[in-house]
Every structure is written in C-alpha cells, then in structure tokens.
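Number of protein chains: 4
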Amino acid sequence: MASKTPVGFIGLGNMGNPMAKNLMKHGYPLVIYDVFPDACKEFQDAGEQVVASPADVADKADRIITMLPTSMNAIEVYSGANGILKKVKKGSLLIDSSTIDPAVSKELSKEVEKVGAVFMDAPVSGGVGAARSGNLTFMVGGVEEEFAAAKELLACMGSNVVYCGAVGTGQAAKICNNMLLAISMIGTAEAMNLGIRLGLDPKLLAKILNMSSGRCWSSDTYNPVPGVMDGVPSANNYQGGFGTTLMAKDLGLAQDSATSTKSPILLGSQAHQIYRMMCAKGYSKKDFSSVFQYLREEETF
Amino acid sequence: MASKTPVGFIGLGNMGNPMAKNLMKHGYPLVIYDVFPDACKEFQDAGEQVVASPADVADKADRIITMLPTSMNAIEVYSGANGILKKVKKGSLLIDSSTIDPAVSKELSKEVEKVGAVFMDAPVSGGVGAARSGNLTFMVGGVEEEFAAAKELLACMGSNVVYCGAVGTGQAAKICNNMLLAISMIGTAEAMNLGIRLGLDPKLLAKILNMSSGRCWSSDTYNPVPGVMDGVPSANNYQGGFGTTLMAKDLGLAQDSATSTKSPILLGSQAHQIYRMMCAKGYSKKDFSSVFQYLREEETF
Amino acid sequence: MASKTPVGFIGLGNMGNPMAKNLMKHGYPLVIYDVFPDACKEFQDAGEQVVASPADVADKADRIITMLPTSMNAIEVYSGANGILKKVKKGSLLIDSSTIDPAVSKELSKEVEKVGAVFMDAPVSGGVGAARSGNLTFMVGGVEEEFAAAKELLACMGSNVVYCGAVGTGQAAKICNNMLLAISMIGTAEAMNLGIRLGLDPKLLAKILNMSSGRCWSSDTYNPVPGVMDGVPSANNYQGGFGTTLMAKDLGLAQDSATSTKSPILLGSQAHQIYRMMCAKGYSKKDFSSVFQYLREEETF
Amino acid sequence: MASKTPVGFIGLGNMGNPMAKNLMKHGYPLVIYDVFPDACKEFQDAGEQVVASPADVADKADRIITMLPTSMNAIEVYSGANGILKKVKKGSLLIDSSTIDPAVSKELSKEVEKVGAVFMDAPVSGGVGAARSGNLTFMVGGVEEEFAAAKELLACMGSNVVYCGAVGTGQAAKICNNMLLAISMIGTAEAMNLGIRLGLDPKLLAKILNMSSGRCWSSDTYNPVPGVMDGVPSANNYQGGFGTTLMAKDLGLAQDSATSTKSPILLGSQAHQIYRMMCAKGYSKKDFSSVFQYLREEETF
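Chains as they are written, first to last, in UniProt numbering: chain R, 1 to 301; chain P, 1 to 301; chain G, 1 to 301; chain E, 1 to 301.
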C-alpha cells in the first residue's frame, strides 16, 4: 500500500468528505482542495496534503476526483483561472463525480483531451449513508479502455461501478433514473392518496399495488405513506433520505437535457414543476417522498 | 357437481365469454343474458339456459355475475326497465366485475340492499389471456361476511381473489393501480427515450434502471422499448396486451373519482390526457406501452 | 304591473337572494322555496309567498327559476320526492341558473319535456355585485322559440342575455369561458412572476404584454400582480372577486364534460389541478387571481 | 444622408434581410456579414460592403446589429475566433436582435463592457411581414443612456421601440410575452374544441368568449378555429404566421430561464411540451395556432 501514488480530491462537502475518507482507508495518499478551507482541516490533521487551488492539485496528482454541487462549479474547477487544466499532466485521469449537465461533461472532456489527459463522468447514486459505508453506485461515462483504471479508485467508495458508454452517459443514466424515480414517486403518492380517500386501507392498498402492475421502487421499497413501511423517511417525518431540493436540481438537469435534445418529457417536466413548488412551500429539506404529505393536505373552507 | 345451483352471467363479451366458460368447467349451470343475442349462441349450443333480460336472469338464479363495459351499462342492467332489480330474490348475491366508477358501485349497492340482496364489486386485473386461463386477479369490495361466498365463484375464474374493504373499494383498488401503472409507463417511456437520445444503449439503460430506484413493473417486466425484452407487446409491434383505449377509459374513471373526492392527481390527470391524445393519433388499439413510440417520433423540419 | 303572474324562485343563497329581489323590483310576485328556511324569512317579511317544497312552488307558479350550488342539488329539486316534476303544470317554463354539468341539464330537460313543460339552462357570469346591480350575464340554452319568454325574466336580473343554442349550451359556454379564464390567469401569473425574477418592472411588463400578443382579460383588466392595477382583488389582498374554490368547481365541471366527450384539455386539466391544490393550501376563499401569490412564494433553504 | 456612418449587420436570414434593407432605405451604408455568402450577394450587388468575418464588421463599423438564430450562434459571432470582440472599437454600440437566453445576453454584455463598448439586447416581435414593412416591435434592454442611440437605428426597422430595463430584460419581455401567448393559444384551442363538441357554434362561442373574461389576443385577433375569422392563418390552412417550431424554440428559452431562476411555470412547461410534440407530429412549419387542429383530431376505433 505504501507504493500507491497520491489521488487528488476536490470538493469535500457532505458527500465528498466520506468519499475521500474511504480512499484514505484503502491506503491512497490524498491531495486535497476545497473552496472552503474549513472543509480541508480534518484531512490536514490526518496528515493529508492540502493545497491552494485545483491547479495545484493537478500539479501534484495525476488521478483526480471532483465532487461539486453544480455545472458552474465544475467549469470553474476545471477551466477557471486556477483550474485543473492550468497544470494538469499528460495522461492524467480526471474523474468527475458531480451530478451536472451531460453537455457540460462533454465540453469538459474535450478541453481535457486537448491537453492529453482523460476525463470520465462518474456521478453517484445513494446518499450520505452510502457514501460513508462505501456503498455508492457509480455510473461511469468515458473511453472504455480507461474504465478499469477508474474502477480501481471508484470501487473504494462504491459497491457498484457501472460502465455506461461514452463521456456524458454516466450523467445521462443518473438523470434518466432520477427523472423516472420522481415520476413514480409522485404517481405512488397520488395513487395512495386517492385510494385512501376512496376508503382503502393504506397498507392493504400498498400490498395490492406491489403484487400488481403498479409496483415500483417507490411503492415497495420507499413507500411515501406514513405507517406503511418501517425504516423509510415517511416513517420518520420525512427526515433524512434524498432532499426535495436535490430532486428539484436533478429534474432541472433532466429538463435542460430534454430541451437541448428536443426530447418530449411530458410527465418529467411536470414532476420538475411539482418539486419546484414544494421547495417554495417548505419542503426543501424534507425527503422527496414528502410529496405524499404535500398532496395530502385537505381543502379548507 | 350435479348439485350446484345455477349462476347467472350477464355480459358475454371478450372478457365475459371466457370467464363464463371457466364457471361451466367448474360445473356451474349458467343462466345467460347479453344485449347481443349472438354472444349467447355458443352457450345455448352448449346446453346453458339463455333468457331475454337481466330480470329473467334474476328470476332463475340467486347468484349473478355481471361483466359490462361502462357505468351506464351497469346502471341499465341493474336498474333498467327489465333490470335485475325487477325480479331479484332476497338473499341473492350480485357480483359486478365491470370496471366502473366506484360511486356508481356504491349507488347500485344501496338499491340492491333495499330489496334484501347483497352487492359486491369485483373488477378484474389481467386481460383476455388471463380470463381464458383462469388467472385473473379479482379485487373485491363489499360486506366481509359475504366474501367467502363470492370467492367460491371468483376462484373458478381467477388465481388471485383479494378482499379490499367496503363496497366500491374493489373499483378503487383497480383504478389506483391502473393510474399508477399509466404514470410509470409514461415515465419509463420518457426516461428511456431521453436516455437513448443522450447516447445510452437501451438494454443497458433498462438494466441500470432496474437495479436502481427507477425500477418499476413497466421497466422490468413490460419494457416499452422494442429490443429490450422478449415476449412483451413492444417486441411485437405493440399488438396484444392492454389497449390504449382501455387505459384511457380507466384514467377517465380515476379522474372522475379524483374530481368528486377533491383529490389532486397532478400526474394522473396528465396521463389521462396523454392516453386521450394517443387515441386520436391512431394508437387506440395498440398496447398502452406504445406511448414510447408516440414520444419517440422525431421532429421533422 | 299588478297583472304579472307569480314567478317561482328556488335557492335563495348569496346569488339567488339578490336575483330574486331584482325580480320583485320589476313587479313580479314570488313563490319562494329554500332548503334552509332562514333564507326565506326576508322574502316572507316582504310579503312574498313561501312554500314547503319545490313541488309546491310548481303548484303555484308556471315560471320557475332555480339557482342551486351543485348538479346533485338540481337533480333533487327537479326529480326528488317533493321535486318540481311532481306538480309541474303543462306549458310551464323552468329556467335553471345553476352552474352544473351540461349532461345533467340535458337529462333534466328530457324529464321536463315528458310532462309537457319547457326547460332552459341559463347559468350566469358575474358575481354577487353583478347580481345585486342586475348586471349579470346569462348564457341561455334551450328551444329558441322560448328564448323571448325566458329573456323577459332574465333581463330583470342581467344586462346581457345571450342565446347559445340547444339545452346544455348555456352551461357549455360558461364552462368553456371559465376554463379559458383559468388558463390565461395562471399563464399571466406565471409570465409576470418569471419576468419579475428576470428583472422586469411589473407595471412595465404588464404594459408590454397588453400591447402585444400576450394580452388577455387577466393581464389588462384583472391583473393578478399587486401594484399593477387599482380596483381589482390583487390590489386588496385578493379579497372579494371570484373565489378559488368556485373556480375549482367550474374546472371540475369542465373536466367532467371533457372526459365524457373525450375532448383533450391538456392545460385545462392542469389548471383544474392547480386550483385544487390551492384550495388545500389556504387559498379557497381568496380571489382566483391569487394564483400569482401561490406561485410567487420563494424557495427557502 | 451622405454623412451617415456605416452600420454593421450580421445575419441576413429571413428576418435580417428585410431589416437590413430598411436601414438602407433610411440612408445607412452597411457593412455586411453572413456565414452563408449567398445571403450577402443581394447586398453586394446593391453596393454595400461585404466582409469576411464578424471581426471585420467590427473593424469597419462602430454600430452593429446582429440577428442570429440561436444562443450558440450569438456566442460564436461575438466571442469566436473571428468574432466581433476581436476588433471592436471602444465606444461601439452593439445591438443584438436575436431571441436568445437572457443569461447569454448578460454574459455577452459583460465581455463587451470589458473592451469599452456597449451591448444592448433588442429582440423583435412580429414576423417577416412586419420586418418588411418596418413595423416590428423591439424590446430593448441595456444602459438607459444609450437607448436613444439604439432607437435611432431600430426606429428604421420597427414602429414600436420599447425600453425594458437592464441588459437581458428585452429578452425577458419577449420570452414572457411568448410564453403567455402559447398558453392562451392552447387554452383558446381547448376551450373552442370542447365547446364545439358540447354543441356550440364556433362563431357564437368566439363571440361569447370575446365579450367575457376568457377574451385574449388568441381568441379575438388570431382565432385558431377555421371559419371564425378572416385573414388569419386558421383561415388559410395554418400557412404563414409564426411557425410551431419557432414557438417551441421560444418556450425552450422560457423553460431555461425559469429553471435557472427557480421560477415555477406549471402551464408554461406544459405548453413547451405540447409544441415539442407538435413538431414531431408534422406541425413544425404550420402556424402555432394549428394546435387547434392538433387537438381536434377525433379518436378512432
């Protein structure tokens, strides 16, 4: 393990922090940067190398993982005045685990290619808990020959590393999954709410859906109705889980991709608007299954 | 088996015909009525008793099953000038397997109760194939004490007979399931189409969805994209299966129930409109998974 | 004026009360019934005849106006155990000013025709203020030869009496107008909100819309943005005007009519759901232009 | 007139061509560039100066108008390898009449400002006919002190030049207007179609809407139903007018702006999807009022 070369890590937020720690556990020395110096302190105390800019990370490491909140942040970290591209070495492997617009991933990839390095998009599925336990799923887009090299690192942080195709397809897979998830979650909430108002017992209705063609992950694994399942956010006042504001962000990316590729997303765009409205009505920090609660409120006269 | 008393059967269409035959196979003598005399001929030839009106069925049988296309037909068969209620005997068991508005089921039940008989709604899930093989699912609403008596008959025609609660809850369960099914089918079609346009291989995308939170019956059992699965309508030019026009009808019932109970169905109402439009664009007789084809058409300039 | 024969009036609520008074002002003696006796007291004190049932109204008057909240109420008042049809005289003119499902209007008309009387649907546009000042608009459906007779009475209560065609078309005209109104109000609210967030001054944006192709009644006469116009509900915290709950009801009727005629209403059904949601979020009693406020709320983090 | 200094014009397409000609008519010498050399020929023959790049235009003219199809084209023309910014002189006035994302307008403005020139966005309303007759409406965003200078040129091409506020607000005003236009056009089409199916005469229904609260530009000036009005696209098989594909593009811009500002556009996003679908169903080149025809198609069984 002593022979492992350093890995750069940029973006040590809620997700990046436990991901970087899992790399440490697997014996990789780290070169760290975050726009908030406080986020680096813990790693500095643990003996990892903290530097002053993405460019400096690229100067000291030829494998770099980025975990950033938005497309804009990713562009800045790669192409900004002190960005990775200023000092990246030929042959470096740059893996972006941010969830961003696949069109941006493709643009970054082109710029990276120009300087003789390799870019892969590898967004994750699974929240903070999975990041801590090293059980994330990575959806990876990029040149297939480099997948093994990427997987060596990603497998330290995730239990499932899936190759999806050319650059941008990792993002595409994540966006498509989350759009379908949002649609079926809202659909489950609507069906459960309608059924309850028509006199059905919620547990019985869930059971019927789950043995029928309405069955979906939102109905059988993450049911949004309090009292139907244990150990899910609906059983805990919609705390924890995957926040409404994050779902709204991913649906915004799906919308952008659909608009630019002229793909109709009749329900996807509506789901986007619903999660947008929920963010304005006090649901931003609740789990996205709280759409049941949002629909459930009774009319008052 | 000789001792079995006759069972009335009203409505011998695509579904009613094989259902009635399964009762015959289990040794029940039938008393038959259909508004189209031709539909009865086959049963007459087989020695079953054919009568001239629903009232006459009620005169000769104290257990009656009805299988009719619309709420209006059900009202006519029960409450019309020659309807069941004109001659029904006290203590009779009337089982309606039509898919209709649960509010209508409740009204019929009240009228039936007035004459001292028992009404249960028992709509089915599963198409003509399941009707032939006796593998339908029945969702049953009505007084719980009578469920055993109903199940005796229904079990001859279905492999799954589920008690749902008070009168109307059978319809409610079916409507809620089919609304969620429509939503997740459209969602699957949108996600698959968007992913393909973003460069993903359809089979790979389906595999990713099915091991992730986007998983649903429409993605893992009945995938709407040609080439992804065998033995489903999408593999056979969307022939067979569950017609778009039938899905549009069920969504209309969901909409009616939602409007009358003031339940919001943000995506459900949109799904209704989408299947409505498809009926006008030549998709009525295709399987409802053809929504993928409907969305897939490319813009032309 | 002494020679005028009595007019029956059933339903003396918020709207019916001032409408009936306008008939009195024009010298028509009234025969009154309301399910709530208190609603009749004022008229009794004024010397009008109060009776015990709709049947009794029909016994004493051969022209009757009904103003009721729902389709169910109209059916009860016409066809119930003590309904108008029990004692209506041949040749009577029955005018229903309720806003109900046009299909119900047609059914009532058939029953009325059977007993040799005439039915017309004549829903109103304009609120309580217009009812008081006699400035309602009536949209009238029924046999054209009877329109003059109906207009004689309706013109006492409204400044605009429009003949729309066969029975049910009065309702149809009202429902279509209100559906378009709801859609363009929500559209105006969305456009104004988006423009404001993009940096436009609300008054300037309204001015631009109103001289361009976005112009509509909701933008130029009833603008939903506080500060843009005087004398409209948005200038008065959305008090007065046309309540959200009433708009939701009318959109429910539009939805029912669209479902039964298989007419696609892609935006109309969405508008229905939006007003439905608003009713559950505390907007029921506010004017329907408060959809701007509903959309305006900012996301909180 | 001899003393007028040359004006640059980039983008001589369907709209740019007649706009540039109107500048010529007002005596402005032109410096012309288009990516398609054929588009310049007509102007060369008329004695105007044709150059090889946007940079060359900037070299020879200190007032430049750009009229380009997409945000990408605008970025290329301004910031590309041979873009305006390469040779623009201090104090130049750069007016972009393209309809593009207001966020892009703001970015371009920043870059232009860096080199000491002035940028204004001035998208147009009105089609090819208005461009020919000099009757366009310009919605102008930028520094107010420069508005008079811009208006001098724009008034040669349009009869209505409106100052909207800071850079980007011209685009914002146009996008908001067109989004509301799309929504009310679809709403009008739905209301007219529903009314017709409920038995109303289309002309009568249009008349009722136009004297009521459903009134809008789409109902009273540009009615989408054939036979209701003369001289509009619906009277001419939806030829001419404003193409569906252009409306879809503008709605895509509205969607992008709404997503990035987190503004809910519940109906706007649906309108976007509807025009998107229409483009895929053969309506791209028809006027956008053909949504009536799109909805009108009857269900077939």
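It is possible that some hints are incorrect.
[Unchecked claim] Simulated crosslink set (BS3-like; lysine-lysine; CA at most 30 Å straight-line): (1) K285/E to K203/G; (2) K87/P to K203/G; (3) K262/R to K114/E; (4) K86/P to K114/G; (5) K110/E to K106/R; (6) K89/P to K203/R; (7) K207/P to K262/R; (8) K114/R to K86/E; (9) K203/R to K203/P; (10) K86/P to K203/R; (11) K87/E to K86/R; (12) K281/P to K262/R; (13) K106/E to K114/R; (14) K203/E to K281/E; (15) K110/G to K89/G; (16) K114/P to K87/P; (17) K110/P to K21/G; (18) K110/R to K86/R; (19) K207/R to K110/P; (20) K106/G to K262/P; (21) K114/P to K114/G; (22) K203/R to K281/G; (23) K285/E to K281/P; (24) K106/E to K21/E; (25) K285/G to K87/P; (26) K114/R to K114/E; (27) K262/E to K285/G; (28) K21/E to K90/E; (29) K114/P to K89/P; (30) K114/G to K87/G; (31) K106/P to K262/G; (32) K207/P to K106/R; (33) K203/P to K281/E; (34) K249/R to K110/E; (35) K262/G to K281/E; (36) K110/G to K106/P; (37) K110/R to K110/E; (38) K281/E to K281/P.
The hints are simulated quantities; they were obtained by calculation from the structure and are not laboratory data.
What you are looking at is a predicted structure, and each value in this text was computed from that prediction instead of being measured.
Consistency of the hints with the structure:
no., hint, verdict
1, K285/E to K203/G, "violated, 35 Å"
2, K87/P to K203/G, "violated, 71 Å"
3, K262/R to K114/E, "violated, 35 Å"
4, K86/P to K114/G, "holds, 23 Å"
5, K110/E to K106/R, "holds, 25 Å"
6, K89/P to K203/R, "violated, 37 Å"
7, K207/P to K262/R, "holds, 24 Å"
8, K114/R to K86/E, "holds, 23 Å"
9, K203/R to K203/P, "violated, 34 Å"
10, K86/P to K203/R, "violated, 39 Å"
11, K87/E to K86/R, "holds, 27 Å"
12, K281/P to K262/R, "holds, 20 Å"
13, K106/E to K114/R, "holds, 29 Å"
14, K203/E to K281/E, "holds, 28 Å"
15, K110/G to K89/G, "holds, 15 Å"
16, K114/P to K87/P, "holds, 13 Å"
17, K110/P to K21/G, "violated, 41 Å"
18, K110/R to K86/R, "holds, 15 Å"
19, K207/R to K110/P, "holds, 28 Å"
20, K106/G to K262/P, "holds, 25 Å"
21, K114/P to K114/G, "holds, 28 Å"
22, K203/R to K281/G, "holds, 27 Å"
23, K285/E to K281/P, "holds, 19 Å"
24, K106/E to K21/E, "holds, 28 Å"
25, K285/G to K87/P, "violated, 50 Å"
26, K114/R to K114/E, "holds, 28 Å"
27, K262/E to K285/G, "holds, 28 Å"
28, K21/E to K90/E, "holds, 27 Å"
29, K114/P to K89/P, "holds, 11 Å"
30, K114/G to K87/G, "holds, 13 Å"
31, K106/P to K262/G, "holds, 25 Å"
32, K207/P to K106/R, "holds, 23 Å"
33, K203/P to K281/E, "holds, 27 Å"
34, K249/R to K110/E, "holds, 27 Å"
35, K262/G to K281/E, "holds, 20 Å"
36, K110/G to K106/P, "holds, 25 Å"
37, K110/R to K110/E, "holds, 25 Å"
38, K281/E to K281/P, "holds, 9 Å"
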